[in-house]
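There are 2 protein chains.
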Amino acid sequence: MKSMSQTTGAGRTRKGGETKERIVDCALRKFRQYGYDGTTMRGIAEDAGVSLGNAYYYFKSKDHLITAYYRESHETHIEACEPILDGEKNLKKRLLGVLRTRVETSMPYHRFSMQLFKTAADPESPLSPFSDEQTEVRDLSVDIFRRVIDGSSTKVSGKLATELPMLLWTYQMGIILYWVHDRSQGCSQTYKLIDHSTDLVVRLIQLNRLPPMRPLVNRTLKLLADLKPLRTNGA
Amino acid sequence: MKSMSQTTGAGRTRKGGETKERIVDCALRKFRQYGYDGTTMRGIAEDAGVSLGNAYYYFKSKDHLITAYYRESHETHIEACEPILDGEKNLKKRLLGVLRTRVETSMPYHRFSMQLFKTAADPESPLSPFSDEQTEVRDLSVDIFRRVIDGSSTKVSGKLATELPMLLWTYQMGIILYWVHDRSQGCSQTYKLIDHSTDLVVRLIQLNRLPPMRPLVNRTLKLLADLKPLRTNGA
DNA sequence: GTCTATAACCGGATAGAC
DNA sequence: GTCTATCCGGTTATAGAC
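Going line by line, the protein sequences match chains A and B. The first sequence begins at 1 in our numbering and counts up one residue at a time. The second sequence begins at 1 in our numbering and counts up one residue at a time.
What the hints contain is simulated information worked out from the structure, not anything from laboratory work. Where is the CB? At the ideal position from N, CA and C, for every residue including glycine. Mixed in with the good hints there might be a few duds.
[Stated by the list, open to error] Chain A stretches covered by chain B per the calculated footprint, using a threshold of three residues with CB under 8 Å from any CB of chain B: (1) 183–197; (2) 217–223.
[What the hints assert, rightly or not] Calculated cross-link-like contacts (lysine-lysine; reagent style DSSO-like; alpha-carbon spacing at most 30 Å): (3) B:Lys92 - A:Lys60; (4) B:Lys159 - B:Lys92; (5) B:Lys228 - A:Lys228; (6) B:Lys93 - A:Lys222; (7) B:Lys155 - B:Lys60; (8) B:Lys92 - A:Lys192; (9) A:Lys155 - A:Lys92.
[To be verified] Covered by chain A, per the in silico footprint, the following chain B stretches (three or more residues, Cβ under 8 Å): (10) 63–75; (11) 210–222.
Using the sequences provided together with the hints, build the complete structure.
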C-alpha cells in the first residue's frame, strides 16, 4: 500500500492545493463538454490559468486526470444509492437500483466514457479500473455490492458468498461497457439490459442453493480464481 | 456489404500494389520486433523506401495497418488448424486444439497484441474485431468454430445450435484478452486457462441436453440477443 | 523543496505541389 | 502515386521564482 494520489507528489501548500483543484475542475468540465479526445492539455491549462508545463507538474499525464473522474464518479454514485441501500430489502430491487443509478449518474460523462474505455480497457495501464493503482476506488465500489447483498433478505452461503461482491462489481463493469457503446435514445437499451440481466443474475444466485448445482458453481469459482493472477510471473 | 480493404482505395496499378505490399511487410516486421507503440509511421515509410506522406496514401492511419495483421493472423491460424479439424472427432479435443493453436500462432505478436488491444477494445473504432468493418475476417474466424462443432461427434440441438459458433468465437476473444496480459513463462497461465475453461464450456454444452435446463439456456440466449444491437439507434 | 513558465521534441496526421 | 512542408497535441527539459 503506497497510499493515494498518483498525481506527482504535488499540491502540498495552500496555493498548490488550490491550483490542483482548479485544474481538476476545468478538466472534468471540459471532459463532459468535449469528451476526452476533444479536450487538450493546453486547453485545460488555459482554462485553469496556468501554463502547460505547470499542469504537468500536478498530473504527470493527461490520462492521470482520469483518476479524478473515478473519484468524483464513485462519490456521486454512492450518494445517490443511499436511499435504496437503506430502504429496500428485496435483493433484485436493490441490485437493480444500484445499477440503474450507476448509469444515471454517469450520463453527463457518456461521451467522455466512450473514449475513456479505450485507455481503461488496458490492464497494463495504471488507469485501468482493474489495475493495482486503482485498488482504493475499486474497493469502495465493490463495497457497494457487499452492502447490496448483506442488506437484502436473501442469504448467500458457501464459497459464493466470499466472491459475490467482486463478481457483481465485474458484472457492473460489463453493464458499463455496454452503456459506453449504447447509442439508443436515452440509453434505453442499457436499461433493458440491466432489467433482463439482473433477473438472470438473481436467479443464478438463488440456484446456488440447490445441492446438485454446487460442483458446477465451485468449478466455476475455481476457474475465476485462476483468472486472477494476471500480473504475477508465476510459472 | 462494401467489400474489402479499409486501406484507401489505393494500390490498383502494378507499381502501386507492390508499394502497398512492401509497406505492409515492413509494418508487420516492425510490429513483431518493436511492438505497436515502438513502431513509427516514419520508420515504416523509411524501411519501405517511401515518404511519410506516401505511406498515408495507402493507409489512412497507423491503426489501419492492423487490418493487415488480422488477415495474416487468421490465415496462419486456419492453416495450422487443418490437421485437428480434419482428424479429430472429440468435441473437447477439437476445441482445445483450435484455441491452443490460436495462441501458439499469435506468439510472435505477443508484445504487439498487448498494445493493440487498447485500440481494438473500442468498438467505436473500425479496427475493433467487433466492428462492422471487420465482418469479413470475423466471419471467417467464426466459421472455424462452426467446423469445430459440425465435425465433432457431439450433436448440438435447439436454439443453442445457431448461436454456438459465434459464442465460441467470443469465448476465444476472452482467451486472447487473457493471453494479451499474460506475463507468465511461455504463457503457461493462458494454456492452463484454456484447459480448465474448455472443460467447463464443453460440460455446459452437454448440459443443454437436460430438459430442465432449457428455460435458463433460452433466457440466456435471449439476453445475448439483446446484447447485439449495439450500433443501431433502436428505441 | 514547492511552484510556475517557456521552449523545445516527437510522432501522428494533413495540404498541396509535382 | 509520390514528395515536402506543416500542423497539432502529448510530453519533456530546463530555468527561474517563491
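* Below or equal to 30 Å on CA atoms is what counts here, so check Lys92 (chain B) against Lys60 (chain A). => violated (49 Å)
* To do: Compare the distance between the alpha carbons of Lys155 (chain A) and Lys92 (chain A) with 30 Å, and conclude whether the hinted pair is satisfied.
  => Holds, at about 13 Å.
* To do: Tell me if chain B covers the region 183–197 of chain A under the three-residue, 8 Å CB rule, please?
  => With 9 residues in contact (Cβ-Cβ under 8 Å with chain B), the coverage given for the region 183–197 of chain A holds.
* For the pair we were handed, Lys93 (chain B) and Lys222 (chain A), check the Cα-Cα distance against 30 Å. => Status holds; Cα separation ~21 Å.
* Asked: Are there three or more residues in the region 63–75 of chain B whose C-beta lies within less than 8 Å of some C-beta in chain A?
  -> Contact hint for the region 63–75 of chain B vs chain A: violated, 0 residues under 8 Å.
* Asked: Hey, Lys92 (chain B) versus Lys192 (chain A), does the alpha-carbon distance stay inside 30 Å?
  -> Measuring from Cα to Cα gives roughly 35 Å; hence the hint is violated.
* When you check the alpha-carbon spacing of Lys228 (chain B) and Lys228 (chain A), does it fall within 30 Å? -> It holds: about 28 Å lies between the C-alpha atoms, which stays within 30 Å.
* Holds or violated: the region 210–222 of chain B covered by chain A, criterion of 3 or more residues with Cβ-Cβ distance under 8 Å? -> That given contact holds, which follows from 4 residues of the region 210–222 of chain B lying within Cβ reach (below 8 Å) of chain A.
* Do the alpha carbons of Lys155 (chain B) and Lys60 (chain B) lie within 30 Å of each other, as the hint requires? -> violated (46 Å)
* **chain B covers the region 217–223 of chain A, three or more CB atoms within 8 Å, holds or violated** => holds (count 4)
* **30 Å Cα cutoff - pair Lys159 (chain B), Lys92 (chain B)** => It holds: about 21 Å lies between the C-alpha atoms, which stays within 30 Å.
Checked against the numbered hints above, the structure breaks hints 3, 7, 8, 10 and satisfies the rest.
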